[in-house]
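J.: Each chain, written out:
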Amino acid sequence: MTLELRHVTKSVDGVPHIFETDLLLEEGSFNVLLGTTLAGKTTLLQLMAGLDRPSSGEIWFRGSNVTGMAVQKRNVSMVYQQFINYPHLSVYENIASPLRVAKLGRAEIEKRVGAVSELLRLTPMLQRRPAELSGGQQQRTAIARALVKDSDLVLLDEPLANLDYKLREELRDELPRLFAGRRCIVVYATTEPTEALLFGGYTATLHEGRVTQFGPTGAIYRQPRDLLSAQVFSDPPLNVAQVIKNGPRIELSGGIGFALSGPAAGLPDGPYTWAIRAHHITPLQQAAGRATLDGRVLLAELTGSDSVIHFHLDGATWISQSHGVHPFDVGADAKLFVDVDRSFLFDADGRLVGGSE
Amino acid sequence: MRKRSLIPIVYILFLMLPIYWLVTMSFKTTNEILGGFSLFPQAFTLDNYIKIFTDSTWYSGYINSITYVVMNTVLSVSVALPAAYAFSRYRFLGDKHLFFWLLTNRMAPAAVFALPFLQLYSAVGLFDTHIAVALAHTLFNVPLAVWILEGFMSGVPKELDETAYVDGYSFPRFFVKIFIPTIAAGIGVACFFCFMFSWVEMLLAKTLTSVDAKPIVATMTRTASTSGYELGLLAAAGTLTIVPGAFVIYFVRNYIAKGFALGRV
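Keeping their order, the protein sequence lines are chains A and B.
Residues in the first sequence are numbered consecutively from 1, following the working numbering.
Residues in the second sequence are numbered consecutively from 1001, following the working numbering.
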């Protein structure tokens, strides 16, 4: 059981929303569509669901072409960012609705709704209306409805984006457990690289309607194929600089330079794009021999147990993220340490030529 | 606190005065009404109401009015439901122009349509029937209902439609089982306004009927001209005429507030 997108494109009024895309999703896999807003995640999900038809290309499911098949005939479920439930029905009826449409027996419906509401801890609220529930419970109702009918394909469109921090963490931990042992293909769209890393599985990075890379999440995080994929898969944003490679050294503008080691040092000399994720620049000298940067602090913020420092360096803004609380005053000079071995080098076309996480 | 509430109280009294006057008149005899100024009925009488409920020329006016008003409300709202759905969910050639054109139907005075309608309905043999008035009133009630319903429908995310399709609902089943209950408040408001406008409209209703479908508003005005001054009777008829509106508005008051919030009422 696989879902395959073959040369799929989608244009609306002549404006391309999805450029030619090929994807092969395996049975029982958890796939993350990672991209910023308007990258085409929702469009891609709608094409997969059959709510929308591709402008060209074909969608194959279980070895048959389902391109023109109505969504009602496909066995799919979908959960949206907004909490979509039927407002006039009780939670029980909301969860039971796909089963009622499928004309299942009363006993079977009761059994399945009971099991799934137990799993999502909705049992005490079954007789309430969705509007009487908290946001997290409303979204759990929507997820329960998606799970109750044993779909082949479960599509989750930023399901946690409208929840507050605490509920998001909670539901995020629950999600992989819900799908464990199921044969369905899960596609999860999100803007947050952290979520992709957390869920593992496979990730497709999307940028302006193109899938820039698709593969096992860990692999594409460590070895992004190109600059765009690396940028999509970095939060806080990737630090990027134009450099000239000269022997084992790369020279940034303003007289800053780093020594490369490993295979990257053997690349031919010339101009490259150099990039490093924020958490490889820290105010702590964790290991000897790290390259240093001297910058001026523009912004220092604490996100939970992490410190994020935006600093100014030769006309560009750089970002450092490090574990622990490191107070910096805005405007102060900061000394930061760069783990050059964990940086990427991209050629003029943006293709990764050296380096990895 | 007291000073502040004084102004609204005075204003409400001012608004209620004509209604109070109508109601007291309906309990007076015509002689007392013509006789002089009195705040309360001096000789309290129910004769006016008894006359209306027993004389068929009077009560049939109410029956006729209610018949075509209900017909019109059902007709307008059931036509407007699919139209409003199309306007809220689809983009098609000229959709915005069509939506605006619908509204312009409300801008022409009914008198403009009175003559063509009279000629048309007479020609097809519908003159003096309830359905004639009901159809004539759809002219301004359908656009109104479409406009109100479109507002409520656009407030429902299209993801609800998609969720229903994903769950396996066909379009007709989704529309009846999921969508209509979801916008029940909007349908209530639309029904209320159709009811109201059809109930108070006089010119078309009067022009298109003579005996069999004569509305109460026509009966009221005709009596004033033929059998001298029966002011008490007229006041009673007037009081009874505002009752259905007040009754209906009581039930939809919460929904109307919602409609105001959507900017559609």
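No lab work stands behind these hints: they were computed from the structure.
Ideal Cβ positions, reconstructed from N, Cα and C, are used throughout, including at glycine.
Do not rely on the hints blindly, as some may be mistaken.
One-sided and incomplete, this derived list gives chain B residues near chain A with beta-carbon spacing under 8 Å [what the hints assert, rightly or not]:
hint: 1; residue: 1128
hint: 2; residue: 1155
hint: 3; residue: 1160
hint: 4; residue: 1165
hint: 5; residue: 1169
hint: 6; residue: 1172
hint: 7; residue: 1182
Some chain A residues flagged as far from chain B (calculated, every beta-carbon gap over 12 Å) [unchecked claim]:
hint: 8; residue: 9
hint: 9; residue: 64
hint: 10; residue: 82
hint: 11; residue: 101
hint: 12; residue: 157
J.: State for each hint whether it applies.
T.: For each hint, the structure was consulted:
Given hint, residue 1128/B at the interface with chain A, is violated; its Cβ is 42 Å from that chain's nearest Cβ, farther than 8 Å. With its C-beta approaching chain A no nearer than about 11 Å, residue 1155/B sits outside the 8 Å limit, and its interface hint is violated. Checking residue 1160/B against chain A by beta carbon gives a least distance of about 6 Å; that is within 8 Å, so the hint holds. Hint on residue 1165/B holds. Least Cβ distance to chain A is approximately 5 Å, under the 8 Å limit.
Look at residue 1169/B: its Cβ gets to within about 6 Å of chain A, closer than 8 Å, so that hint holds up. Taking 8 Å as the C-beta contact cut-off toward chain A, the hint placing residue 1172/B at the interface is violated, the least distance being around 12 Å. The beta carbon of residue 1182/B comes within 6 Å of a beta carbon in chain A, closer than 8 Å, and the hint placing it at the interface holds. Its beta-carbon lying about 21 Å from the closest one in chain B, residue 9/A satisfies the requirement of being farther than 12 Å from that chain.
For residue 64/A, the shortest C-beta to C-beta distance to chain B comes to about 19 Å, beyond the 12 Å cut-off, and the non-interface label holds. Taking the minimum C-beta to C-beta distance to chain B, about 6 Å, the non-interface status of residue 82/A is violated against the 12 Å cut. Under the 12 Å C-beta cut-off, the non-interface status given to residue 101/A relative to chain B is violated; the minimum distance is some 4 Å. Its closest Cβ contact with chain B, about 9 Å, brings residue 157/A to no more than 12 Å, contrary to its assignment away from the interface.
Against the hints set out earlier in the document, violations occur for numbers 1, 2, 6, 10, 11, 12.
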